[in-house]
Amino acid sequence: MAEPYIHKLFHRKKLDQQNQEEKGSVAYVNEEVNGSIYVTEQGLTLEKDGDKALFVYPWKHYYDWADVYELDTMQIGDIGENLSVLEMDEYAVSIGDTYRLGETIVQVSQPYLPSWKLARHLQIDDFALQMQQSGRTGWYFRILQAGNIQAEQDMELIDRPYPQWSIAACNEAMHKFKEDLRLADDLLQCDVLGSMWKNMLKKRLRGIPLRTKRRLFGPE
Numbered sequence: 480m481a482e483p484y485i486h487k488l489f490h491r492k493k494l495d496q497q498n499q500e501e502k503g504s505v506a507y508v509n510e511e512v513n514g515s516i517y518v519t520e521q522g523l524t525l526e527k528d529g530d531k532a533l534f535v536y537p538w539k540h541y542y543d544w545a546d547v548y549e550l551d552t553m554q555i556g557d558i559g560e561n562l563s564v565l566e567m568d569e570y571a572v573s574i575g576d577t578y579r580l581g582e583t584i585v586q587v588s589q590p591y592l593p594s595w596k597l598a599r600h601l602q603i604d605d606f607a608l609q610m611q612q613s614g615r616t617g618w619y620f621r622i623l624q625a626g627n628i629q630a631e632q633d634m635e636l637i638d639r640p641y642p643q644w645s646i647a648a649c650n651e652a653m654h655k656f657k658e659d660l661r662l663a664d665d666l667l668q669c670d671v672l673g674s675m676w677k678n679m680l681k682k683r684l685r686g687i688p689l690r691t692k693r694r695l696f697g698p699e
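According to the working numbering, the stretch in the sequence shown is residues 480 to 699, in order.
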């Protein structure tokens, strides 16, 4: 099997209010990075949540979305990912997987949680719902050791503590098997799972409703 590989590297740049108005609902642009870039524990966009330092998305999914929506205008990077990757997907990647990227060490923290904000950015009303139902969500890396990363760089898997919790399995536990509280509790025991997902699972176990409709479609 081929090594996981960074196909392209992107740096998300938020637009000011004037540029947002000029571009409609677009709140950011994803600029491709040529050469290497230094990544800290806060990622490339200084995320407050270190569990979401880098958003990773499989390159091959763009072909699937082109078929679903019968369009050829969606470009790699439009979903907002920092890393476009080859030889990786939600079935091959698990929570806690740790990779060495040259001098940088990263760890899989949680699946991406589809949001209406991405749907608005793409101007596709049901995109977040389709992303969630299809399982083509991508995932996040946290940074264990800061350093430079670049496109066309191999990723060496150096640890896999939770092979049973693939990104696909996590998505099913969260979105498909909502009534299975034992499954939710099992996932919650994964100590390297991101804090946002842990909080959602705790709410489910306590019987507190999650605002899924609002997350997928936005405020009414």
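Hints in this document: simulated from the structure, not taken from any laboratory.
A few of these clues could be false.
[Claimed, not checked] Ranges of calculated distance between the beta carbons of each label pair, as one might list FRET restraints:
{"hint": "1", "residue 1": "Asp659", "residue 2": "Tyr507", "range": "28 to 38 Å"}
{"hint": "2", "residue 1": "Glu651", "residue 2": "Ile687", "range": "18 to 28 Å"}
{"hint": "3", "residue 1": "Lys492", "residue 2": "Lys655", "range": "26 to 36 Å"}
{"hint": "4", "residue 1": "Asp670", "residue 2": "Leu550", "range": "17 to 27 Å"}
[What the hints assert, rightly or not] The list that follows gives simulated cross-link-like pairs (lysine-lysine, DSBU-like), each with its CA atoms no further than 35 Å apart:
{"hint": "5", "residue 1": "Lys539", "residue 2": "Lys492"}
{"hint": "6", "residue 1": "Lys527", "residue 2": "Lys682"}
{"hint": "7", "residue 1": "Lys657", "residue 2": "Lys692"}
{"hint": "8", "residue 1": "Lys657", "residue 2": "Lys682"}
{"hint": "9", "residue 1": "Lys655", "residue 2": "Lys681"}
{"hint": "10", "residue 1": "Lys657", "residue 2": "Lys681"}
{"hint": "11", "residue 1": "Lys657", "residue 2": "Lys677"}
{"hint": "12", "residue 1": "Lys657", "residue 2": "Lys539"}
In this text, all values refer to a predicted model and were calculated from it rather than measured experimentally.
Every residue, glycine too, gets a C-beta built ideally from N, C-alpha and C.
Results of checking the hints against the structure:
1. At about 36 Å, the CB distance of Asp659 to Tyr507 agrees with the hint of 28 to 38 Å.
2. About 21 Å separates the C-beta atoms of Glu651 and Ile687, a value consistent with the hinted range of 18 to 28 Å.
3. At roughly 35 Å, the beta-carbon separation of Lys492 and Lys655 lies within the given 26 to 36 Å, and the hint holds.
4. Checked against the hint of 17 to 27 Å, the pair Asp670 and Leu550 fails, with Cβ atoms roughly 41 Å apart.
5. Straight-line distance between C-alpha atoms of Lys539 and Lys492 comes to about 24 Å, which keeps the hinted pair within the 35 Å bound.
6. With a C-alpha separation of about 22 Å, the suggested pair Lys527 and Lys682 falls inside the 35 Å cut-off, and the hint holds.
7. With a C-alpha separation of about 14 Å, the suggested pair Lys657 and Lys692 falls inside the 35 Å cut-off, and the hint holds.
8. The straight-line distance between the Cα atoms of Lys657 and Lys682 is roughly 12 Å, inside the 35 Å bound, and the hint therefore holds.
9. For the hint linking Lys655 to Lys681, the alpha-carbon distance of about 17 Å falls within 35 Å, and the restraint holds.
10. In summary, the hint linking Lys657 to Lys681 is supported, as the alpha carbons are separated by about 13 Å, within the 35 Å threshold.
11. A distance of roughly 15 Å separates the Cα atoms of Lys657 and Lys677; the hinted pair therefore holds under the 35 Å criterion.
12. For the suggested pair Lys657 and Lys539, the alpha carbons sit about 28 Å apart, so the restraint of at most 35 Å is met.
Hint compliance for this structure: hint 4 is the single one not met.
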